[in-house]
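Kindly produce the complete structure, drawing on both the sequences and the hints.
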Amino acid sequence: MITPIVGFLLQTNDDPIREEIGRLQRNFQGLIWGFVAAWAILLVYILMLTMRERKLRREMERLKSMIEEPEKN
Amino acid sequence: MIVMLALAAVLLVRNLYNISVLPDETNQGQIFRIIFFHVPAAAVAMVGSAVALLASVMFLITKNFKYDALAVAITEVGLAFLAVNLVTGSIWARVIWGVWWAWDPRLTSALICWILYAGYLILRQSLEEPTQRATFAAVYSIFAFTDVPIVYFSIRWWRTIHPQPVFFSKNGSFPADWTLTLVLNIVALSLLYAVLTMVRLRQENTQREIDYLRRTVHAIS
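Chains as they are written, first to last, in this note's numbering: chain A, 756 to 828; chain B, 125 to 345.
Simulated from the structure, these hints should not be mistaken for laboratory data. Model, not experiment: these values are computed from the prediction. It is possible that some hints are incorrect.
Simulated coverage check for chain A against chain B, where a stretch passes if three residues somewhere in it have a Cβ under 8 angstroms from a Cβ of chain B [what the hints assert, rightly or not]: (1) 775-784; (2) 790-799; (3) 802-810; (4) 815-823.
Rough simulated footprint, nothing fancy, chain A against chain B, three-plus residues with beta-carbon under 8 angstroms [stated by the list, open to error]: (5) 151-162; (6) 216-229; (7) 251-259.
Glycine included, C-beta positions come from ideal geometry on N, C-alpha and C.
Below is the structure:
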């Protein structure tokens, strides 16, 4: 008779604690995701800059060689 | 440039340590620490848009292409920082407000600002002739800047769910040592912004050189 009541009380007493633990976990996960997202955006942009830099260099070399070739001939 | 990048890295590592040892905020808990990236990203992006405005005005006055190059470089980097501001804000909102996004005046005006500056880059892609491209882009950049004061003052002009300013204001409740960490993070991100702008500016100059070489190749062939 008493056991289910104790079980019920323990359950109700546990809920706010679990809720608080859950809130803290979501809070911490949110912080980590925020930092990860911030740096990921900047990293992706830096990668885009690097790729564009390579493309421009290749194009520059190609055009320079095209100009130099007729001069040699 | 390398010195600036090294200084930015040192400051960011130092600030990350400082942020990690700060006590939790009473109401928000740990998530409040996101403010140390959310606000500096917005601050540097706003300063960047003001510089882009000045560069655009200077281009229209002088027709000197170095101002056009500066405007495009600083706008593109600013767009990345504004994206950081929007995304960190959205994650913060999910934890505190329970929603990823709210059509609140501050959030909406910031999103419009991002779309306007993205439009600036799309406009540049769509125009071939350099003088026409630079002129149209400069006029557009001046128009796009009109949204920046709206973003800044939106939380004062309208009732919003976005918090009111907590730094350097009479109603502010940010402790002085936290403000110092925030200011140092603004300095660190400003240095990073400056370095990325310099790299982008160099690319823009290389692109102009390539355009010149292309014309030379066409003239030869």
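If any of the earlier hints don't hold here, list their numbers in rising order.
Violated hint (a single one): 7; every other hint is consistent with the structure.
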